[in-house]
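Kindly produce the complete structure, drawing on both the sequences and the hints.
Chain by chain, the residues run as shown.
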Amino acid sequence: MLLNKRHPEEVLVLTKRIHEPGYDGSIDAYLKHGGYKQYLKAVEMTPEQVIDEVKVSNLRGRGGAGFPTGMKWGFVPRQSEKPKYIVVNADESEPGTCKDRVLMENDPHLLIEGCLIAARTIGAQLGYIYIRGEYRFLVEITERAIDEAYKAGWLGENIQGTGQTFHLRAHTGAGAYECGEESALLESLEGKRGVPRIRPPFPAVSGLYQSPTILNNVETFAAVPSILEMGGKAWAALGIEKAGGTKLTCLTGHLNNPGVFELPLGYPVEKMINTVGGGIPKGRKLKAFIPGGSSCPVLTGDEAWPLTMDYDSMAKAGSMLGSGGVVVMDETTDMVKAALRIMHFYAHESCGWCIPCREGTTWLKKILHRLDEGHATAKDIDLVGDLAKNMLGRTFCPLGDAAALPTISIVHKFRHEFEAKIAHTAAPPTAEQLVALN
Amino acid sequence: MVASDVQTVTININGREIQAPSGQLLIDAAKQSGIEVPAFCYYEGMALQAACRMCLVKIEKMPKLQAACTIPVAEGMIVHTEVPEVIEARKSMLEFLLSNHPLDCPVCDKGGECELQDMTFRYGLGESRFTEIKIHTPEKQWSPVVYFDSPRCILCYRCVRVCGEGMGVHALGVVNRGVVSEIAPNLNDHLNCDECGACIDICPVGALTSGPYRYKTRPWEMNHVGTVCTHCSNGCKTTLGVKNDEIIRGNNRDRSGLNDEFLCVKGRYGWDFHRHPERLTSPLVRKDGKLVEVPWSEALKTVANRFSEIAARGGTIGVAGSNHTTNEENFFLQKFARQGLKTPHIDHHRTGDVVALLDALSGSTGSLGTAEDFLNSKAILVVGADLSQQQPFLANQIRTNVRHRQAHVYVVTPGPVREDQTAKASVRYTDAGTLDRAVAGLHDALKAEPELLIVFGDAIRGEQVKRLVEFGASFGTAVKYVCLVDHANSRGASDMGLYPHLGPGYSSVDKGMALPEMLGDATLDALWVVGSNPLKKAALASSTAFVVVQDLFLTETAQRADVVFPAAHAYEKSGTITNVCGQVQRLKPGVRTMGAKPDLEIMGLLAKEMGLKLGIWTHDALFEEIRRTVRGYNVPLPLIQTGGAASTEPVNGRIALDGRPELVVSSGDTLYTSGTLGRYSKMLNSLIESPGALYKA
Amino acid sequence: MTFSPTLEERFSKLLDSYPEGKTRSAVIPMLLYAQDEIGSVTPELVQEVARRCRVTPLQVEEVVGYYSMLHRKPMGRIHLQVCTNISCMLVGAMELYGHASRKLGIGHKQVTADGQFSLEEVECMGACSWAPAIQTNYDFHYNVTPEKLDQLLDSLKKIQ
Ligand SMILES: Cc1cc2nc3c(=O)[nH]c(=O)nc-3n(C[C@H](O)[C@H](O)[C@H](O)COP(=O)(O)O)c2cc1C
Ligand code: SF4
Ligand code: FES
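Protein chains in written order, with this note's numbering: chain A, 310 to 747; chain B, 267 to 963; chain C, 70 to 229.
Please keep in mind that the hints were generated in silico from the structure rather than gathered at the bench. For clarity, every value in this text was computed on a predicted model and none was experimentally measured. It is possible that part of the hints are untrue.
Unchecked claim - Facing chain B, according to a computed beta carbon distance under 8 angstroms, are these residues of chain A, among others:
(1) Cys660
(2) Ile664
(3) Pro665
(4) Thr671
(5) Gly702
(6) Arg703
Don't be surprised by glycine CBs; every beta carbon is placed ideally from N, CA and C.
Spelled out as structure tokens, the structure:
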């Protein structure tokens, strides 16, 4: 089992069981530790009451967009002649993010209970857990857990005599970052190319098979049982105003103690890096900081230190909390290479549907490649910033923004590094050089 | 997109107050008030894509620019389409688009009528900042008709949609991901489809090009002649691109006819019989057993003398008219036969029992369906016909109807047909008995429909037509009928009286022999065949009969002829034809063939040679006569002259039937065949689908 | 086509995992599971999946090229995937990839002559906190160093 040692600074809510000695995530273990009790509680409540608790908890989507979950659930029409669905986004493919897997590997029934409560709330009878293809081991773990739940009567017909029916299935992806975007995920789940849909209508109204659908991130669903257990108010109090609860945070990059830690929202960046993350190796300085996955604008060390890990604080600093994938880059980091690698990713993952993203990401990748190789001129630096700005806010889905934002911020904040690379060649690239690079 | 509620909202575009039906797309609302919002992927009537991002506009109180092609207008919306932010966005989209687009406009078929060229000219920035190597993939040929040059493709997905939503064929898709995404055909490296070419027509750039057209010309070097397709009975308007008496392309991009942009493979590419090497260009007269080329004067004299001689001694002359010649020609032919040759023996190949339908409807008005009814009727019953194969345009009308108005379609056929895809009910039958039961089985469902269009093929004829009409009448709802026929002017031949027992307008005349009797009459003295090929399937009993044939090619019948006149085809003619729904349209000559003459001219010269007084034989004069004397043809001239389709209202009264339903037989042409014309079209014969599977075959 | 009993079982389970008439949903998983067994997505497989999921072959083709884990050509018995995305890159993934490439003597998406190994530089595999991370087929390996990689490859070569 992949699980780093718990850190005293952690506030264990979603991960509280998995740090219990000998906890193996089986249904027996889960039940022994009070599992599925919150579902039974939900059964006693009206759907409105459940949604209210979630609203009060200030839970915001943990997939990256941070949309208030209670509000999203509220959008699902009460009456609908179409069936309703639950869909779990376990595509976890935002670079720097590796948290959902920790929950799914170590405590799969927590996710199942979260889905069960959501299903109860909106009256869904069928749900899917869309798991990225690379996570085959999680597909197997999840399927095993689902079987256990069926056998023990926590899934299927007339669950625990409540009269509720809910079926749950694990569905594997096959390698596509874009399928993490909710509407592309739904297309993929319907067996099509992972191309996003025109919205509105949003999934809550017209989602899977054009039916009302609750689609949330793994961590979001996993948070719901604890919200019912503690009560929305107490759960909210774990975090700060407007951002309730805890967040699984993936510390990655230049750190002595990287890992996935459950920290309360509003946790100070400085403590997160130096205390929880064990500081930067060799006492090096923090050059750049990504709060939540490579789609966020990059912050300089100076910008990052005073911040706290929550939506507003990051927004104020011109970035975003994102998915919880923290990337720490020390003074040795080559920011041109970083920019290139990030753009390489988006060019590889662009679904190709819309012009600016399809053409923009590849073009940018090529220019950044030349910049990195030293075959670029000063004009190319401006061109990078320019093209990124031309993508920003104009693409069909947010992937274009995700590619543009880090690029714009890096070129803007670390321009001198780009200039250093062109310094020795003022001449534009020769055809040979271009061919070599293509 | 059909606005659900028709209440209007007021919005403001570029400072102008504009009224628009709520729910209407902003791009359409703008267009209707004369404000163009550029777009590639948006295409009226087809699924929304929002992919090209060319239509981004500024809407106040909205953070980002919005795609005008997907956002519905809302009360009080304030929109800017020409502010710097928007203009700047368009420039950048075009720059992105051109980054991997080859700049081979000078050799590109589309050059001169390319939407990307136009947009770049109107909205683009002068220089390109793209210095990288462009992605290149070699051009592919997907079929004799369709070529694909991927680098030119801008991925607007129009072709995918027109093939799927429009044609119901779904032969095109998108493969790969990201910048290497490309359009792909359904059989890996080639297409198996209708070969209709709609994808090529709708492509805004030169990515999809057509085999017959590519590298032949520049658009501005052609003349564009709007006429009517000469193949099936649907009567699609087609605009021929012609250059020094060659036909180079056919399309209907100008949406000038009842068929909007639709054309099937025959309309778009089936015109190459025009320059077929075996095309007859000189009259032939049989001399000691052989057909030899002679001057027109000699051929005319030969026929005139024999006809006069036979007529004078009261010999029997049989006349077979055509499903392709014009109304004027058919009218003149029967006049020539009845008044000039004094013979009652005239007929044509009957492909649908129009007569039985008109008789059965006697007394009821407004019961004849038009092409528009296929598009608008809330419910349609198709009996014994493979529409997508034999009536391509009517089938397309139904698909569009289903897509936009959710029409209920009921299908009763012996085998599977494309209409099954969207049919509310599909029933199969094996013989006349099971056919009647199959139709009767739909009674309750059909009765519940507010209105109904009943369409039937040659499976329904004679008494069955009467029963079908009684069946329809029993609902007490508004029911219309269309009797399907095969060819470009089959309906006209029927209306103009090419029957042994009926004259123009279905007037009663002295009964003569039907075609089988003429062919079977061992004492027949002469047989005059205009634009048809009866001896392909039947033998001529009379070994002594003097046979005269007017045709484009040396058909089986022509080979038996004593004199053959080289005829012109519809694309070389003036005159009018009447489509399957009784809608009259005018032909416009686009090309000429040295040596060949329009059938009307041939008949006129014959009459002159024989000294017959049959009146003026120009098509204008004849059409006037038809309008005056043929019931139902008093159609408004201006409508016809301006290229419109005028509905005829034929007889509304009992008609004398000759009780020969067995003579009504469809020639069973498919989407890829078209009788003699099809046999001489290299293009149609080169298709892998050709001759195409018809459930009957 | 015929598949192993376990795969057939998977397929039938797959096909009834989705609502009435939604068998198209099974296309992508079916392709991936089948590829695991037969090595790649062959033209026959495309036809077969189309038939079983009641879609057109074109609808299957459309997804094959879209999903990066689906291959039209067989990869090695051991498909080595090295993530070089940002978090891994920061802690030596590029060097690790270069090392693997040199050791195996193959580049991106290439297969060794003996068909034992194939190499692919992949995007974030969701193991960023235990970087650099790699996958051999579906197995994850974390905090990989060139030395660890050598041992791993050798051990994998042995079991044959
Ligand atoms: C390009 C792109 C990739 C995304 N990838 C993921 C992902 O891997 N996992 C995830 O949970 N959300 C992802 N999202 C966010 C989802 O679109 C969606 O907001 C989220 O799953 C909703 O669940 P939540 O409200 O619980 O966060 C992605 C969004 C975009 C635009
Ligand atoms: S539908 Fe008939 S008339 Fe129209 S183009 Fe096709 S063949 Fe010609
Ligand atoms: S960056 Fe390598 S696993 Fe995420």
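Verification of the supplied hints:
1. Evaluation of the A:Cys660 hint against chain B yields a held restraint, the C-beta minimum of about 6 angstroms falling below 8 angstroms.
2. For A:Ile664, the interface hint holds, the least distance from its beta-carbon to any beta-carbon of chain B being 5 angstroms, beneath 8 angstroms.
3. Proximity of A:Pro665 to chain B holds as hinted, the smallest CB-CB distance being about 5 angstroms (cut-off 8 angstroms).
4. Interface hint at A:Thr671: satisfied, since its Cβ lies 4 angstroms from the closest Cβ of chain B, which is below the 8 angstroms cut-off.
5. The restraint placing A:Gly702 at the interface with chain B holds, with a minimum CB-CB distance near 4 angstroms, inside the 8 angstroms limit.
6. Taking 8 angstroms as the C-beta contact cut-off toward chain B, the hint placing A:Arg703 at the interface holds, the least distance being around 6 angstroms.
Hint check: no violations occur; every hint is consistent with the structure.
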